[in-house]
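Peer 1: One-letter residues, chain by chain:
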Amino acid sequence: MSDVQFRFRTDDAVADPGVTVDVFGAQTNASAVRLEPGDDARDLLPHLDRIKLIEVNFPSFTDGRGFSSARVLREAGYTGELRAVGELPVDHLGHLRRCGFDSFAPDIPLNPVDAEAALARWEHVYQPAADGRVPIWNLRHG
Amino acid sequence: MYKYDTYDQAMVDARVEEFRDQVKRRLEGHLSEDHFKPLRLQNGLYLQLHAYMLRVAIPYGTLSSAQMRVLGDIADKYDRGYGHFTTRQNIQYNWIQLDQTPDLLAELAKVEMHAIQTSGNCIRNISSDQYAGAAADEIVDPRPYAELLRQWSSFHPEFLVLPRKFKIAVIASETDRAAMKLHDIGIRMVRNAAGEIGAAFYVGGGMGRTPMIAPLVRAFVPLDQLITYAEACLRVYNRYGRRDNKYKARIKILVHELGKDEYTRQVEEEFAHLLTQGIEPPLAELERIKAHFTDPAYDTAAPDTLDRSDPDFALWVDRNCAAHKQPGYMIATISLKPVGGIPGDASGEQMRVMADLGLKYSFDELRVTHAQNIVLPHVRKADLYDLWQQLDAAGLATANLDLIGDIIACPGLDYCSLANARSIPVAQKISERFAAKQADLGELKLKISGCINACGHHHAGHIGILGVDKKGTENYQLLLGGCEGDDTSLGQITGPGFSEDGIVDAIDKATDVYLAHKQGDERLLDTYRRIGMAPFKEAIYE
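If you're matching them up, the sequences are chains A and B in order. Heads up, this note's numbering is the position in the first sequence plus 260, with the first residue counted as 1. Heads up, this note's numbering is the position in the second sequence plus 271, with the first residue counted as 1.
The set of hints was computed from the structure by calculation and includes no laboratory data. A portion of the hints provided could be inaccurate.
[Stated by the list, open to error] Footprint (simulated), chain A over chain B, 3 or more residues, beta carbon under 8 angstroms:
#1 417-425
#2 551-560
#3 569-580
[Said to hold, decoys possible] Some chain B residues judged to face chain A by a derived CB distance under 10 angstroms, without partners named:
#4 Lys274
#5 Asp276
#6 Glu289
#7 Gln293
#8 Asp370
#9 Leu431
#10 Val432
#11 Leu433
#12 Lys531
#13 Leu545
[What the hints assert, rightly or not] Listing some non-contacts, in silico: residues in chain A with all C-beta distances to chain B over 12 angstroms:
#14 Val283
#15 Asp309
#16 Ile396
A virtual CB, placed ideally from N, CA and C, is assigned to each residue, including glycine.
Input sequences plus hints: build the corresponding full structure.
Peer 2: Here it is, written out as structure tokens:
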């Protein structure tokens, strides 16, 4: 398992690795779960109060289902750690952050300077997402 | 037309810098071609057979004279003096150098233009009716809704890694001039029984190797839920669209496999959820955008008559001009299909001429059509003769709108790395062969694709041509009966394919069958629909 390279939370990280969605259903004490692209994030919604870490795996950077998984979880009120793992290009970092991810464990560590630039790229955003940023169309109208 | 405010400008400027950084990392070897490819594609940059190709966005096909002038200057400075207007109302340049691209984009940004999301597996540039705001038959100008969708879809963080590309068209007229039902989402602005404006959503259309006509998924989405509904359509697609096979990854396959009713049910469920999330823009934003699309200051005293004494001019007016909602005005189309020319191509100098004419005669506004022509939307009838003379002097007065010579063609194997066969030489031969006969054939939409991806819309041509590779030689299949308009239909293959010259002969025979069977005002399409394939097939393969 790759190390967490960026984490935007102040609470202590969960030490346990996430179990698969199937195992999670059977283990009533598990607090960390790992979603694969084909898993339905909504299967976790009844259990959000006991989850502290959800890892969303990106086996390939060309599979974008995890972006929707993240927003679905945040929209349902999940406030625990949401970690993107797998093949994470630095150019996706800002968009992943907007979808609600607050920690990143890329397979190949990212250049920290590039990562900082990617996260600071957009001063404003056009549309709301899971990061609470006020979209341009609201800024225009106070 | 829409003008950027400081927010819009900052977004485009930030994108230029982002891409400059990405190109730098690529050239320095920090970014592999595999990882760079989706990034450059989302900025419209393809690697073609001979060079990079850059596709520049023209949102809903509308541009100002200053923008058209810069497009012409870029053709001269960064390309070989030409640009190619595309079937999605964009322009592409075929001879671009990677290291020059950031500077080119910076020049575009100065006139509020960009190449954002003109390719890649994301929501592409939004297309619309080229007669928007001028058409006599529209209920409302569709472009404010297209602009709202442009903003929503630009850098949408959830939808930048979709299963496949995603194309949206917005229209608001009875007549569909944008092939709306052949898009991933086609939106028709409509009025409900209470007189309110809303949006009808058609989802899951497309061309490519599995052409589909989009079914109606919802007849009326209120304006204060428009973006939320679009987001629901996209989220269901991003979560469940197929990713195991790129040829089955478009939303049309998802809608087809789930069935329209089940797809709609899932969208409605997601929509109900998203309505609780407060993602809709304030209606005040739509009003702000609408204020950019108010009517120009028409000359209300403009004479409504036309001096038709010059027969060549009269022919051009009858062929290339359309009714305008404002008395005394007409919509003029500049054909980019001269006899023997490359469909959709314009030289840098021609672009500057069109820019000047747009400024002088059309309230500083031009349009690109999906049929690869240019429109001057608001021309006083009294100015039409002057306009025509100046177009003629620039080689831009071909009177063939919607005739067989007004061919849609993809770049084909002359440029495209996906193509199986050349499109351009076939278009040129057809254009030359039928130049004398085309007026007798009337409206006849001919469309050529150089491969199954169907960029040349061959499925939707009254006559369609599909170039294929047959054991190493180019071979052309003939289709009849396609239509992109209100009565959208998909063309049927006549039978075995033809050589480059053989396809031109086959079309000649098909048009003879049409002329022999034509009743009244029938177009070839109408005759085909009435008499069927058999008589055509018999003549073509005799």
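Peer 1: Look at each hint and say if it fits the structure.
Peer 2: Structure-based check of all given hints:
| no. | hint | in the structure |
| --- | --- | --- |
| 1 | 417-425 | holds (count 3) |
| 2 | 551-560 | holds (count 5) |
| 3 | 569-580 | violated (count 0) |
| 4 | Lys274 | violated (13 angstroms) |
| 5 | Asp276 | holds (7 angstroms) |
| 6 | Glu289 | holds (6 angstroms) |
| 7 | Gln293 | holds (7 angstroms) |
| 8 | Asp370 | violated (19 angstroms) |
| 9 | Leu431 | holds (6 angstroms) |
| 10 | Val432 | holds (3 angstroms) |
| 11 | Leu433 | holds (6 angstroms) |
| 12 | Lys531 | violated (22 angstroms) |
| 13 | Leu545 | holds (8 angstroms) |
| 14 | Val283 | holds (22 angstroms) |
| 15 | Asp309 | holds (19 angstroms) |
| 16 | Ile396 | violated (5 angstroms) |
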